[in-house]
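Student: As a plain string of letters, each chain reads:
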Amino acid sequence: MEIRLKGISHSYRDGGLKVLSDINLSIREGEIVCLIGPSGCGKSTLLRIIGGLELPSAGAVLQVGDPPPTSLNPLTYVFQDFALLPWRTVEGNISLALEDHPIGRKMRNEIIDGVLARTNLTEFRKAYPRQLSGGMKQRVAIARALSVNPAVMLMDEPLSALDSQIREILMADLIELWCRENFTAFYVTHNLAEAVRLGHRVAVLSRRPGRIREIIEIETPLDQRSADSPELGRHQQHLWEMLRDEARAADLELANV
Amino acid sequence: MEIRLKGISHSYRDGGLKVLSDINLSIREGEIVCLIGPSGCGKSTLLRIIGGLELPSAGAVLQVGDPPPTSLNPLTYVFQDFALLPWRTVEGNISLALEDHPIGRKMRNEIIDGVLARTNLTEFRKAYPRQLSGGMKQRVAIARALSVNPAVMLMDEPLSALDSQIREILMADLIELWCRENFTAFYVTHNLAEAVRLGHRVAVLSRRPGRIREIIEIETPLDQRSADSPELGRHQQHLWEMLRDEARAADLELANV
Amino acid sequence: EQAAAADKIKVGALRFTSHSASFVAFERGYFKEQGLDVEFVFFQAAQPMAVAIASNDVDFGVTAISGGLINLAEKGAVKIIGGALHEEKGIDGQKILVSKAAFDAGVTHPSKLKGRSYGITQAGSSFHYMAHKIAQKEGFAGTEIKVKPLHKVGAIIGALKSGQIDAWSIVPHIAKALAKSPAIHVIGDVADYIPDYQVTTVFTSAKNAAGNRDLVKRFLAAFSKGAADFNAALVDKTAGAKADEDMVRLVHKYVYTSRPFEKAAPSIRNGSMRINQGAKLNLKSVQDQLDWFKSEKLVSQAVTMDMLVDKSYVKIY
Amino acid sequence: MSDATVALTAPAEKPVRFRGGGFRTRPLGIISPIVFVVVIGLWELGSQSGLIGKLILPAPSEALQALLELIETGNLWKHLGASLQRLIVGWTAGTILGIGVGLAIALFSYVRAGAQPLVSAIFPIPKIALLPLFIIWFGIGEGSKIATILFGTFFPTVIATYGGVDNVDRTLIRMAQSFGVSWSSIVRKIIIPGAMPAILSGFRISIAIAIVLLVAAEMIGAEFGVGAYILLAGSLVATDQLIAGVAILSALGLTIAWLIGKAESYLLRWRT
Amino acid sequence: MSDATVALTAPAEKPVRFRGGGFRTRPLGIISPIVFVVVIGLWELGSQSGLIGKLILPAPSEALQALLELIETGNLWKHLGASLQRLIVGWTAGTILGIGVGLAIALFSYVRAGAQPLVSAIFPIPKIALLPLFIIWFGIGEGSKIATILFGTFFPTVIATYGGVDNVDRTLIRMAQSFGVSWSSIVRKIIIPGAMPAILSGFRISIAIAIVLLVAAEMIGAEFGVGAYILLAGSLVATDQLIAGVAILSALGLTIAWLIGKAESYLLRWRT
Ligand SMILES: Nc1ncnc2c1ncn2[C@@H]1O[C@H](COP(=O)(O)OP(=O)(O)OP(=O)(O)O)[C@@H](O)[C@H]1O
Ligand SMILES: Nc1ncnc2c1ncn2[C@@H]1O[C@H](COP(=O)(O)OP(=O)(O)OP(=O)(O)O)[C@@H](O)[C@H]1O
Ligand SMILES: [Mg+2]
Ligand SMILES: [Mg+2]
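Chains as they are written, first to last, in my numbering: chain S, 1 to 257; chain W, 1 to 257; chain E, 1 to 317; chain Y, 1 to 272; chain U, 1 to 272.
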């Protein structure tokens, strides 16, 4: 399944800010596109639009081809603010995503067992969100997304509250999952190392109103990348400079106000 | 002002988990101690205990000496989940921390102007939290903490939702602030690079129940550190290995369950 | 000089034609003549009025003899001091009504009420008493009329109209208005069953009755004068058409005020029943009512006539 | 051949289905007058055609007639004025006391333990049953009337308030405590705004109860007042006036509900 | 010298002040019986000493006497049984309808526009004024009694429900939509649990109103029922019986409030 963004622009009525401006982007089947850009530039908004949760002021999101039949929820989100139901346990929160599908209780329990194990949460199956640490909440959100076997994952800083080892594990998990399932993903992050580790392409958004400044392509196959590869380092350096320029421009703008 | 932790242990009644076990740590005036450790090991809990928001099951937190008179709220928090009042604008959320102090409306406005400028939020002064992106909310939380001129800052992953440039800017801001004000800080983070950039010492907690595994000291003065210094790289590498061992042990433990 | 010395009193009233004696006495200055500065306090029901008199918030009132009144008298709070509304053969009094359904089923005379349902406001109300008196006279047990407490006159009318109860008795102006509708029939007069029925009485707080004799006497004097004017104009019709018209206009200031005069006048005329001359009191009727309350166990057996009535003020018969 | 065709055919391109939206009502101002017009129109038709019996439910036009009469005679303003005064004084006092006691119950364990069961025990006592006591305690003047309304308003407000406070997010309170914000500031700036949606929802209930209780209140020696007017109409079986009186109460309820709606959209403008 | 002393003196070491806690009430079960005992004790003392006039407020012991009489004659169970049945049927029906309509108002713009003003207009109509109509519509049997209670329960439940739904966090709904969770599942699993605190708080109000309305309901041709008992006592100014009847209603209210408390701590156990 492929996703095509055609001339997407968006402003929030409430406040009237123009947030996104003429975004054109095509994401191929089985490709991970990382989105980076300054805070408030519209990354989360773009993700919401792609997921069909927000209607863009202009432009369209097209889905090309059909999702694999095993996918319970082709376009699946991992929210930046977790969005866990406070009245359901960890298990219940994951179950929510599955209950509308005709898969039977046993199957559902198996899926839940699986994703809890993968996110190291087995012990906390019966805990309520208020009893979890920030990182654990984020892991629940990830487990919930994994449980529906998505064809396209829309991930909004999914690892930001996690410690480096869990992050490393989940990143490896994602890569492994991708090698197995070849899912398509939009991945918003602030961590450039993450972006160059996970992205087939990295799209850099300019500051608000967000438009695409550059898209870099990283050739190394996902499963051959390592934290200390010089190619990735080069890319990371390049991205870093680009973003710093953005930030400087923003600073100048502010100074002139 | 100095903070001393004496034999702190904690379990939550609700669930009965032992979260912290016999933490002894002294933080000197004007020192920044970074806390790192696996997700759920009790870092946020420890911070809450230090801030006087939670009573430990055993042990005591002592404060040695008096805070500077200019400090409006000596022990100040930056919360992991922002904790913004949805019914107040950005400005109002910051103002909340100041309103109980007899400083006058004009002074208060000046302080707010200042911290908003430092966190790049001037434009969003009148926005409600629901109109902000995740990173912007975190910046509001930081601005609020800065506004009371704290003697000791208790920061719970304050930069995790921020993009790398803003993070860089705010890190530089924190370093500059520290050089000027010499505040004391506990800084919880998952980002090892952050830990070695900001910490005079880095305390590594073991997995739950959290106890102090090691404390490393970084000699280079804060204002002379740079992202690519080899000393920091060495420290970061060391921390990384330590945490990976922790994670492996946890994995083994899980495998044996 | 009398005005300066005038005693301020509060008179409780319902906006019914049966309270007209006080209205007349007020409008025609009879209270003033007696050195009484009267302020009316209007109530929507008799029971709160009785309580207000017991608590000395109001000085005088006119109401039917109810279980509540007797209980308050037993506690030494109120006393009946005179009579007011009175059933009299020959003058239109309370009527017995039945629903169309019951009428069609053969309840054409009060003797057929056995086993039928009968609307009352509540247990111990005058309606309840009337139902039992009808049964008694027709020779069957009071319990054989099934009384239904419905609390509000409006509710009883609704139930009667829709045939959910069979019978009811009510003052003439309402009865006559209802009888115009095909859903309701008149089958008799209460006066035939309860001769000389003392329907309402004048009462005051026990404190006034015992310790303020002069005031009570002056009130009764003015009240009687008002009653005499009212009887002459509307009941005996001996005062002429002009007096009739004037009286109806006077009463209309208090009763049916929300309706235009033309609409209100027939109701006022239809509702005129005799108010006892000189506020005399039919003790026999009062005794009968008291006995009935006792037999129904609505009041304590220990209540005596002396607890209830202060016989020293008006003519007793 | 056919294989090649299949391969050449571009896969179907379709827009991503919009899944968001909904669960947020839009204001549709025109609907409600239409509903009222239709309801009253049907009723009038029913009455005219004789479907609805005349004695018990008069036609709206007859009620309107009675209402016009009331306006012409100028009595409307006397009745409405008297009732409004009782309503405003009683409701305001009941609300202030209710919010105060509700906050106390929500904030202090001892008050909760002592007062919550008292509230549960006293709230269900029918005001009508207590009328005699009210006469004794507050006399037959305005006191007992206002007290009736006050009591009726007080209890639902207490319950709505402490229910609302119980539901305020505790992390916000912890945050304020970490800034050393004083207890009273926390109550004013966090607890009360956080409980505001529940309190306003409670207002909708308490104001309706207050209007209902006008009738009970004006049983006691009231000369003027919409409740007294209704009671009198009831005892005279003047159904047209009865309906006219009820319509006045309805209009009052509508107006106040509209005001509460305005207050809601102002005070709760921060909600999504 | 003195300088050196100062330098040598260790700075004051004091524990960090605890700023958290509070704003969360603990259960203090013993307090409430004490409060009741004290209140009733004082009242008895006042009556015995003559401070409280005998006429209107009888001593608790007299009311107790009346209550015992009621128990001895076995009438208590007849009255209570009749009332409870009306209460349960009326309240349950009113609650179910109320939650349904409340949800509809909260979820559908058209329903809200049409029904919300109707609710505001009809809620403040005094049930007592409508008794004649109720008799026509529902007869003088159980129907009209249950209908009275049903109507009294319905409106506050509607308001509490839609107020609660309006306050449910929209991000949770968006999350569910992103998982393609069906509309009905969202309503059942997110909207209703999210509105549950408000609905339960509404129950406390609606049950109290239902008990109050027992009296109005049992005005209509009721032979048995606590309300009928109170009405008779009131009309006879038999204050001891009146207080005994009121005490039964209070006890009923307390019991049900306690049950709601239990339901709250079970259904809302996820709250901090
Ligand atoms: N519901 C809303 N109403 C009005 N404005 C909004 C709303 N949501 C977001 N915005 C505005 O839109 C802009 C982009 O927000 P968005 O959440 O997409 O940013 P982002 O790129 O995800 O930032 P971050 O990296 O900080 O999460 C911000 O300026 C924000 O103020
Ligand atoms: N209110 C609570 N009730 C019960 N258990 C709790 C509560 N808060 C936290 N815990 C438990 O305490 C442990 C430590 O939580 P804490 O938030 O301190 O972790 P953390 O180190 O900050 O983790 P993270 O890095 O993921 O934020 C977790 O296992 C969590 O489940
Ligand atoms: Mg975002
Ligand atoms: Mg944490």
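I should point out that these hints are in silico values taken from the structure, not numbers from a laboratory. Each hint should be verified, as a subset may be incorrect.
[Stated by the list, open to error] SDA-like cross-link-like pairs, simulated, lysine to any residue; straight-line CA separation at most 20 Å:
1. E:89 with E:232
2. U:54 with Y:133
3. Y:14 with S:12
4. E:280 with E:244
5. U:14 with W:12
6. Y:14 with S:194
7. E:133 with E:283
8. E:10 with Y:52
9. S:18 with W:132
10. E:180 with Y:14
The structure displayed is predicted, hence computed values, not measured ones.
Student: When the structure is checked against the list of hints, which entries are broken? Sort them ascending.
Tutor: When the structure is compared with the hints, numbers 3, 4, 5, 6, 8 and 10 turn out to be violated.
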